[in-house]
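S.K.: Take the sequences, apply the hints, and build the full model.
Note that the protein sequences, when read in sequence, are chains A and B.
Each residue of the first sequence is one higher than the one before, starting from 1 at the first, in full-length UniProt numbering.
Each residue of the second sequence is one higher than the one before, starting from 1 at the first, in full-length UniProt numbering.
Simulated from the structure, these hints should not be mistaken for laboratory data.
All figures in this text were calculated on a predicted structure; none of them were measured in a lab.
Keep in mind that a hint or two might mislead.
[What the hints assert, rightly or not] Label pairs and their computed distance ranges (CB to CB):
hint	chain 1	residue 1	chain 2	residue 2	range
1	B	Ser350	A	Ala414	52 to 62 Å
2	A	Glu424	B	Arg373	32 to 42 Å
3	A	Glu120	B	Thr96	51 to 61 Å
4	A	Glu166	B	Gly281	19 to 29 Å
5	B	Arg355	A	Arg164	33 to 43 Å
6	B	Gly68	A	Asp112	55 to 65 Å
7	B	Lys380	A	Glu166	29 to 39 Å
8	A	Ser372	B	Asp415	42 to 52 Å
9	A	His168	B	Asp280	33 to 43 Å
10	A	Glu342	B	Ser346	19 to 29 Å
11	A	Arg164	B	Gly281	18 to 28 Å
[Stated by the list, open to error] Residues on chain A that point at chain B, a partial pick, calculated with CB under 8 Å:
hint	residue
12	Leu267
13	Asp310
14	Val314
15	Ser372
16	Gln374
[As the list claims (entries may be wrong)] Capping the alpha-carbon separation at 20 Å, the derived lysine to any residue pairs in SDA-like fashion look like this:
hint	chain 1	residue 1	chain 2	residue 2
17	A	Lys322	B	Gln333
18	A	Lys285	B	Val365
19	B	Lys319	A	Glu123
20	A	Lys319	B	Arg373
21	B	Lys308	A	Glu315
22	A	Lys338	B	Gln324
23	A	Lys322	B	Gln324
24	A	Lys308	B	Val365
25	A	Lys185	A	Pro172
26	B	Lys319	A	Gly326
27	A	Lys287	B	Ser165
28	A	Lys285	B	Glu163
29	B	Lys287	A	His168
30	A	Lys319	B	Asn344
31	B	Lys319	A	Ile336
Just so you know, even glycine gets a beta-carbon here, dropped at the ideal spot from N, CA and C.
Protein chains: 2
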Amino acid sequence: MARRTVVRVLCLGHRAVNLLYGNSRHPLHTSVSSASSHPNGGFKPEKVAVVTKTTRYEFEQQRYRYAGLSEEDLKQLLAMKGSSYSGLLERHNIHTNNVEHIVQSLRKEGIDVRVVKRGEYDEEVVRWADTVISAGGDGTMLLVASKVLSKDKPVVGVNTDPERSEGHLCLPVRYTRAFPEALDKLCRGEFRWLWRQRIRLQLEGTGINPTPVDLHEQQLSLEQHSQAHRITTTDSQRRSGVLHQSYSKPSLLPIRSLNEIFIGESLSSRASYYEMSVDDGPWEKQKSSGLSICTGTGSKAWSYNINKLDEQSVEELLKIGKSQTGLEIPLNQEFIEKVTQEYNESLVFSPDDSRLFYSIREPIVNRVFSSSRQRGFASKVCVRSRCWDACMVVDGGTSFEFNDGAIATISMSADDQLRTVLLEN
Amino acid sequence: MARRTVVRVLCLGHRAVNLLYGNSRHPLHTSVSSASSHPNGGFKPEKVAVVTKTTRYEFEQQRYRYAGLSEEDLKQLLAMKGSSYSGLLERHNIHTNNVEHIVQSLRKEGIDVRVVKRGEYDEEVVRWADTVISAGGDGTMLLVASKVLSKDKPVVGVNTDPERSEGHLCLPVRYTRAFPEALDKLCRGEFRWLWRQRIRLQLEGTGINPTPVDLHEQQLSLEQHSQAHRITTTDSQRRSGVLHQSYSKPSLLPIRSLNEIFIGESLSSRASYYEMSVDDGPWEKQKSSGLSICTGTGSKAWSYNINKLDEQSVEELLKIGKSQTGLEIPLNQEFIEKVTQEYNESLVFSPDDSRLFYSIREPIVNRVFSSSRQRGFASKVCVRSRCWDACMVVDGGTSFEFNDGAIATISMSADDQLRTVLLEN
Chain A
1 MARRTVVRVL
11 CLGHRAVNLL
21 YGNSRHPLHT
31 SVSSASSHPN
41 GGFKPEKVAV
51 VTKTTRYEFE
61 QQRYRYAGLS
71 EEDLKQLLAM
81 KGSSYSGLLE
91 RHNIHTNNVE
101 HIVQSLRKEG
111 IDVRVVKRGE
121 YDEEVVRWAD
131 TVISAGGDGT
141 MLLVASKVLS
151 KDKPVVGVNT
161 DPERSEGHLC
171 LPVRYTRAFP
181 EALDKLCRGE
191 FRWLWRQRIR
201 LQLEGTGINP
211 TPVDLHEQQL
221 SLEQHSQAHR
231 ITTTDSQRRS
241 GVLHQSYSKP
251 SLLPIRSLNE
261 IFIGESLSSR
271 ASYYEMSVDD
281 GPWEKQKSSG
291 LSICTGTGSK
301 AWSYNINKLD
311 EQSVEELLKI
321 GKSQTGLEIP
331 LNQEFIEKVT
341 QEYNESLVFS
351 PDDSRLFYSI
361 REPIVNRVFS
371 SSRQRGFASK
381 VCVRSRCWDA
391 CMVVDGGTSF
401 EFNDGAIATI
411 SMSADDQLRT
421 VLLEN
Chain B
1 MARRTVVRVL
11 CLGHRAVNLL
21 YGNSRHPLHT
31 SVSSASSHPN
41 GGFKPEKVAV
51 VTKTTRYEFE
61 QQRYRYAGLS
71 EEDLKQLLAM
81 KGSSYSGLLE
91 RHNIHTNNVE
101 HIVQSLRKEG
111 IDVRVVKRGE
121 YDEEVVRWAD
131 TVISAGGDGT
141 MLLVASKVLS
151 KDKPVVGVNT
161 DPERSEGHLC
171 LPVRYTRAFP
181 EALDKLCRGE
191 FRWLWRQRIR
201 LQLEGTGINP
211 TPVDLHEQQL
221 SLEQHSQAHR
231 ITTTDSQRRS
241 GVLHQSYSKP
251 SLLPIRSLNE
261 IFIGESLSSR
271 ASYYEMSVDD
281 GPWEKQKSSG
291 LSICTGTGSK
301 AWSYNINKLD
311 EQSVEELLKI
321 GKSQTGLEIP
331 LNQEFIEKVT
341 QEYNESLVFS
351 PDDSRLFYSI
361 REPIVNRVFS
371 SSRQRGFASK
381 VCVRSRCWDA
391 CMVVDGGTSF
401 EFNDGAIATI
411 SMSADDQLRT
421 VLLEN
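M.R.: Okay, here's the thing in structure tokens:
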């Protein structure tokens, strides 16, 4: 995956340091309670890594590479499945043109640019760059951010296919084809820093493997997913490992989560068994279809989809409330929409909020399993796996084995904040 | 898995036929609108297949068989994971003792008994038996029922570990250690037939594989799950298959679903893309974490867990309703419990109801994807997969590949009803 190149150390000129960091040699600090802050001056990076997504077109090509398909074969195959070859090629070209636009804009300003595919993106690239740009959609932005541990290194997302990607974590879409404008505003300080709190993960116990698997890059089947998790263990190691399974000491993983951690059985149809302790409270056994722990940023993502209510449910509930009380509770469409919207909006909280939000998804409550709070804020959540073949998925893109006996401590630290840029629309 | 033995055809004596079927040679008919009905006489089977579950103890033994572990090794290994060897052995013994009790009770009545492990249970066993008994929990009952296609062949579930298994689909727990009483009541006609409507599945298109995978028996990891799906395809077949992917004609699968069909990506962290048409309505694109289609029996199972609301959500909604209307909506614990309970109870419907209930789980609504009804009754649901590595899971236990281009037609027929027994508690 990563090519090891010699790290080139460039000395930032004094002027550049001032521009990045203000008039002292210390990074710009913002108090953890403000979502964004004005920079003390302009921002002009000197070494920018541009990390690009893999387009669906590239992916389909790679997927059938072993069969030695020609472009014409690929076209027919996609057609048979009801997909459009020309459509995929079009999106691919739009993306690559937009990447080219970004790269040219940066080079015109004399900035040193490295273009890196997401599969090649690693800690060395992060170390080299003073700024990292994600060129893709939200998925790419999540992957890019996960490897930037320092809160001093800005990460900027550019949506390279605004018609297809939502781009919630990216700059406003107008800058995709007008990137020099964005650079200009950054240079003149006409922007705000936006701080996003993130999650850190500590793993210990049995049944863990600190080697992550990148779910997007490899678009793994289940088969490959498990193979990838076990890739460092030989058969004989595994055999002896069975008898001599070591209890691993706590180790902090070298990634940070911007949206959420999801813990659960890898196989979607299998129930997940685990134990959970919130803020050092008592351990409780749980059986559910998984556990989600999100940040403020992530409160609009998967966690939102798990917890949101639809108008159908709200209408039914209000009907029951009405019939049980005899009160004149409105049941018209407008009111139902209003209540639904207010409920769903209450699920969203600020990216700079230093709290986690946990959700037990589809809890199975019976004689054995707990029925206490299924959702709430916390500073720390500890989870012990009782799963058969489970994973801890970071931002829907990186997966760690998390089987029977593994213990995860999930928390936040102000040191882990992601520095991103807020530009006016 | 299945051992092929010569099918022994026994002629049922005239008396036995009368007892099974009443005074005519036609099976007892019940109108599809009544949940249960009185038999026209006693019920005395002559050939009973007893299908037994695999206990956790047996499973752990098999799991580590390759490592050549002694019992002492297994004990230590389980202890390290926090599991109890002696506990598992105890449950195993309770189960096997209860199976022995059932078998002895049957043989005392001169009934011909075949004891079959779930992994060996197949159509040949079903053909041989005039009645099938499931000896295990609900999972075993679901597997046993799935292979009985005829509505004339009774299936009876006995819960062999009442302290650990819920046994919703099994006889009342008192009969587990008093099975002769159950046989006696059956013989004297002191019971009712309970008819459970079931789902039938038709598959066609590309990306299908009609060979199912038994999820429970094999406790598959993701790796094995996909390998099992592909087990009949060689590499060169796959390579040429890529170019010559055939469009399979519609074929009705040889199983029936008692609880639900779940369709979705096998990997729990991946979103599912598909298109759906309800009762021959327009096709709509969906993106969600999966689709569940259940029977009345299944409305208390997974579908229930997907759709139920918890008191926390209900309380929050009522608060919003109260603040928006100014009405005196109660917010005390008792009222919240009442409303929650009534809502959740409305999700449950009768096992003999001939309708399906579909639920789009965690729909992702945006510019591209539909936001119409997420839940409802239907007679027929058609689904076309746009998934990468998805499956159609029957009753949480049997899995069929269901990838990009596959089309499933999900419906019900009165011919597919399962004949089960209702004994007083």
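S.K.: Are the hints correct? Go through all of them and say.
M.R.: So, going through the hints one by one against the coordinates:
A beta carbon spacing of about 56 Å between Ser350(B) and Ala414(A) agrees with the range 52 to 62 Å that was offered as a hint. For Glu424(A) and Arg373(B), the Cβ-Cβ distance of about 39 Å falls inside the hinted range of 32 to 42 Å, so the restraint holds. Checked against the given bound of 51 to 61 Å, the beta carbons of Glu120(A) and Thr96(B), roughly 56 Å apart, stay inside it. Between Glu166(A) and Gly281(B), the C-beta spacing of about 28 Å keeps the proposed range 19 to 29 Å intact.
Checked against the given bound of 33 to 43 Å, the beta carbons of Arg355(B) and Arg164(A), roughly 37 Å apart, stay inside it. Separation of Gly68(B) from Asp112(A) is about 58 Å and conforms to the stated range, judged on CB atoms against 55 to 65 Å. Roughly 33 Å separates the CB atoms of Lys380(B) and Glu166(A), a value that falls within the hinted 29 to 39 Å. One distance hint, 42 to 52 Å for the beta-carbon pair Ser372(A) and Asp415(B), holds here, with the actual separation near 46 Å.
Remark: the range hint 33 to 43 Å for His168(A) to Asp280(B) is upheld by a beta-carbon distance near 37 Å. A beta carbon spacing of about 23 Å between Glu342(A) and Ser346(B) agrees with the range 19 to 29 Å that was offered as a hint. About 27 Å separates the C-beta atoms of Arg164(A) and Gly281(B), a value consistent with the hinted range of 18 to 28 Å. A distance limit of 8 Å between C-beta atoms decides the matter here; for Leu267(A) the minimum to chain B is near 6 Å, and the interface restraint holds.
With its C-beta approaching chain B no nearer than about 5 Å, Asp310(A) sits inside the 8 Å limit, and its interface hint holds. The beta carbon of Val314(A) comes within 6 Å of a beta carbon in chain B, closer than 8 Å, and the hint placing it at the interface holds. About 10 Å separates the beta-carbon of Ser372(A) from the nearest beta-carbon of chain B, more than 8 Å, and the hint is not met. A distance limit of 8 Å between C-beta atoms decides the matter here; for Gln374(A) the minimum to chain B is near 5 Å, and the interface restraint holds.
At most 20 Å may separate the alpha-carbon atoms for a hinted pair to count; Lys322(A) and Gln333(B) meet this at roughly 17 Å. With a C-alpha separation of about 33 Å, the suggested pairing of Lys285(A) with Val365(B) is violated against the 20 Å cut-off. Between Lys319(B) and Glu123(A) the CA atoms are separated by roughly 48 Å; this puts the pair beyond 20 Å, and the hint is violated. Pair hint Lys319(A) plus Arg373(B) holds up; C-alpha atoms about 18 Å apart against a cutoff of 20 Å.
For a cut-off of 20 Å, the pair hint linking Lys308(B) to Glu315(A) stands: about 14 Å separates their Cα positions. Our distance criterion of 20 Å between C-alpha atoms is met by Lys338(A) and Gln324(B), whose separation comes to about 9 Å. Of the pairs offered as hints, the one joining Lys322(A) and Gln324(B) holds, with about 15 Å between alpha carbons and a cut-off of 20 Å not exceeded. With a CA separation close to 11 Å, the supplied pair Lys308(A) and Val365(B) stays within the 20 Å bound.
Note on Lys185(A) and Pro172(A): the hinted pairing holds, with a Cα-Cα distance of about 13 Å set against a maximum of 20 Å. The suggested pairing of Lys319(B) with Gly326(A) holds, with an alpha-carbon distance near 17 Å, which does not exceed 20 Å. Between Lys287(A) and Ser165(B), the direct Cα distance comes to roughly 14 Å. Compliance with the 20 Å bound is thereby established for this hinted pair. Of the supplied pair hints, the one linking Lys285(A) and Glu163(B) holds, its CA atoms being roughly 17 Å apart against a limit of 20 Å.
Straight-line distance between C-alpha atoms of Lys287(B) and His168(A) comes to about 18 Å, which keeps the hinted pair within the 20 Å bound. With a C-alpha separation of about 13 Å, the suggested pair Lys319(A) and Asn344(B) falls inside the 20 Å cut-off, and the hint holds. For a cut-off of 20 Å, the pair hint linking Lys319(B) to Ile336(A) stands: about 14 Å separates their Cα positions.
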